[in-house]
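Student: Given next are the chains, with one letter for each unit.
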Amino acid sequence: MAQEIAELVSSSLWMIVGIALIFALYLGISAICYLVWGLFTRGREKAQGYTSLKTVTFGDESAVVANRIASIAAVIAIFLIWGVATGSKLTPNLLPGPVSGPVSFEYTATNAAGETGAGRIDLLVHEFGETPETPAPAAEDGDFAMNQSVTVAQRRKVLVKTQADEGFAFTEINGKPVSPGETVSFDDGNVFVTTRGSLSIEPDVGMTMEALYLPPPEAVWSRFIDLNKNGYQGVGLWENVFWSLIRVVIGFALGCLFGIPLGFAMGLNGWLRGWFDPIVEFMRPVPPLALIPLIIIWFGIGEQGKISLLFLAALWIMTIAARAGVSGVNISKVHAAYSLGATKKQILSKVILPNSLPEIFTGARVAMGVCWGTVVAAELVAAEKGAGKMIIAASKFQLTDIVIIGIIIIGVIGYGIDMIMRGAENKLVPWKGRG
Amino acid sequence: MSGLTINDVSMTFELPNGGSVEALKNIKLNIKEGELLSVLGPSGCGKTTLLNILAGFLAPTGGEIDLNGHKVVGPHPERGMVFQQGALFEWMNVEENIGFGPSMKGTPKAEIAGKVEELLGIVGLQDFGKKMIYELSGGMQQRVALARCLCNDPDVILMDEPLGALDALTREKMQSLVLDIWKKTGKTIILITHSVEEALLLGERLLVMAPRPGRVHKEYRLPFAEIGVGADLREVKQHKDFGPTRDEILNMIWDMEEEIMGRTETA
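For the record, the sequence lines run as chains A and B. Using my numbering, the first residue of the first sequence is number 1, and each one after it goes up by one. Using my numbering, the first residue of the second sequence is number 1, and each one after it goes up by one.
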């Protein structure tokens, strides 16, 4: 236990260091961009209108306007970092990539008879996943030390066994003396002599990332084109996205359909508020993801289960939003409406409902976000189709590019949903925050 | 029997700690039809409670209110209310706000439109009918509130510090408007305010209330409202009786406030 906690602490501390380094790098790039931008716009880029007359801008939030140039530069910077880190062909090769193509080194060895011989080992370094033919070794020079030719994938090692019987030992690699248990470098990599006298050869891995961890942008793009055309595992890319979206829409709609009247009932009637309070207050802090196991036990992995889950995710949020909307009605408005002769039904439809729309919209935005996150997570656990299903299936085959495409699409759609909700809010409740 | 009768009304609030507060004690008052009554008093004297009882939002713990011969039991369009602020419906435009009362009753649209048009003229918002509430200034919003109340044609108009949140200039214009409307429509108007000048200008009858228990301390009959109709209110304030009356009432309220503060300190 104590050791586990110690490990936890130490890995947390290492994470702090790592995150700080990443931030420092990104901020450094930001600073450089800022300086470049400053050079280009010197004297021309000034605050306009009223803000330009403010003498106090530091601390005045309204005077801080997001610099759109910075936003664009930030996104470009991320793509550049991505490209450079993965050795993309689209970006300058600032980082050395792994060794590729034919490389070779000479060795010297001794045999049991005490003779010394020289040989040559040719390596063909190929991309991971390819299986090129092994080229013929160089012509023999006649001594006991044989020339050899092997193939090896980038970022992998290859073992070259001792050639002859006992007594054969490598003594030099490219002229550098070596004995078992030691590592020496040659021009394009390292050679480790095992205790049993074999050579473990590792061509230089370079500093770029392997596609398994992060494929370069162009690989992701070409996979995207391919997914558009052929889909993945028989399901089209947009078909997957469509299924995720349709679940969210149905679950959210059900949540609204029941949650909003429930919230109104709780806001308008003491008995119903008391009746539903314990359930709502209990269910509200339970993350929907924690319900997945139970939902699977109850409904299996079909659509019904997922839609039930999304319904539950949206229900409590919408209930609480509608309830808050009712309690947020200024009592003067209700009094005024009664004094003007409105009936209870009219008060509900003409005063309470419109007055709670801003709260309901805020709740709807939150609920949509939660539903979208929940559907992806639910699909990760069990689904036939869907964005989450696509990325979890792809991850099992180490198709990182599909995983990344999925994540980008999920992010873009989540953002799009929020944009649509915000647009609808501005259109439908223009009085929000201006009462 | 026409007019508004406040018949021995008392209001006692139970406190959570077991005690009770007498917000109003044995208020007796007759308000004739068409009378302009202003009610003044230090905070805590129960003037808002009285107005809420008159509007029917609160039931008194003792006594009753009678309007034109029947007992007041709840809110009713016969008693219109103008609130301090925030009582307009932001999701409707100015016209819809003003026509709210008649449209609840199912009055034909054309009829409402005619009424609204006329009222927009009366309150001076001719070109603002299609505007949304949040596009109007505070003074304009109170004009809408006034028009909304008038559109329902109530017998009594209750005003709860309707001009309290307005700046001095707008307030003066609105005071003239209230006087005009009073004269034009002949409605009974009961106005609550904490501004002594406003109470003097907008009350042919003025009640000064005192706290603990809330009661009528003194009653005045004043000429200023009558003089002020259609006149410059600043000239009304130059009237020889205006200053002395104002000072007298101010001193009265000042003494009450001091008494409250003194009691709070010893408590």
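Simulated from the structure, these hints should not be mistaken for laboratory data. Values in this document were obtained by computation on a predicted structure and should not be read as measured data. Cβ coordinates follow ideal geometry from the N, Cα and C atoms, glycine included. Treat each hint with caution, since some may be false.
Derived contacts from chain A toward chain B, CB cut-off under 7 angstroms, selection only [to be verified]: (1) 332; (2) 333; (3) 346; (4) 349; (5) 354; (6) 431.
Student: Hint by hint, note whether the structure agrees.
Tutor: Consistency of the hints with the structure:
no. : hint : result
1   : 332  : holds (4 angstroms)
2   : 333  : holds (5 angstroms)
3   : 346  : holds (5 angstroms)
4   : 349  : violated (11 angstroms)
5   : 354  : holds (4 angstroms)
6   : 431  : holds (4 angstroms)
The structure does not agree with numbered hint 4 stated previously, though it agrees with all others.
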